[in-house]
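A.B. asks: Throw the hints in and build the complete structure from the sequences for me.
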Amino acid sequence: AQRVTQPEKLLSVFKGAPVELKCNYSYSGSPELFWYVQYSRQRLQLLLRHISRESIKGFTADLNKGETSFHLKKPFAQEEDSAMYYCALFTGFQKLVFGTGTRLLVSP
Amino acid sequence: DTEVTQTPKHLVMGMTNKKSLKCEQHMGHRAMYWYKQKAKKPPELMFVYSYEKLSINESVPSRFSPECPNSSLLNLHLHALQPEDSALYLCASSHGGTSGRGSYEQYFGPGTRLTVT
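Protein chains in written order, with our numbering: chain A, 1 to 108; chain B, 1001 to 1117.
None of these hints come from the bench; they were simulated from the model. All C-beta atoms, glycine included, are put in the ideal place defined by N, C-alpha and C.
With a Cα cut of at most 30 Å, we get these calculated DSSO-like pairs of lysine-lysine: (1) B:Lys1041 - A:Lys65; (2) B:Lys1041 - A:Lys15; (3) B:Lys1019 - A:Lys95; (4) B:Lys1040 - A:Lys22; (5) B:Lys1040 - A:Lys65; (6) A:Lys95 - B:Lys1040; (7) A:Lys95 - B:Lys1053; (8) B:Lys1009 - B:Lys1053.
Heads up, incomplete: computed chain B residues facing chain A, CB under 10 Å, no partners named: (9) Glu1003; (10) Tyr1033; (11) Tyr1035; (12) Lys1040; (13) Lys1041; (14) Glu1044; (15) Ile1056; (16) Glu1058; (17) Ser1094; (18) Tyr1104.
C.D. replies: In structure tokens form, the structure reads like this:
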């Protein structure tokens, strides 16, 4: 089955603390994975794609095929990082499967 | 133009009304999508158009009727909706190719907040 699991509904940290949002996937082929972010009252935006191995707004995510994970990390959280984060798996045939999302709350 | 636009932003309709949601992109993308998003939930795929042809219908009730007049436009016609259809309706687009970097990335519009009374 093609599935994305985000085990934490809410992650609350203080400003400056490290952040790790967990994402595990189930997929038989070679996965294409993404992180999307939805700030309050804004559109869903693409944050990261695993294939480019880039860092956006200080966030990074590494694909670990052995652990079937694609965790999102940032060493020092900022208040403006507070948002809903979705991990998504491209399953072919133009379909994206989203995880249930993790709300990140960064307090001052 | 690198955005997906959607109109209207908000829509309130009765259960006997007929209305339409509109989506537009000018990025040359050849795949377009409709999603439904309930509060605090991930987007749920409804329909996919690829090269202006309906390629995926995720068993959506017939009271939702998609239409793709051309490669830049996507409509969702609504008729006889139920209160449980109240949600944020998102449009997205992607390059639409079957391979190559960036083919699968989807870009989302701001959504239409629909309330059915």
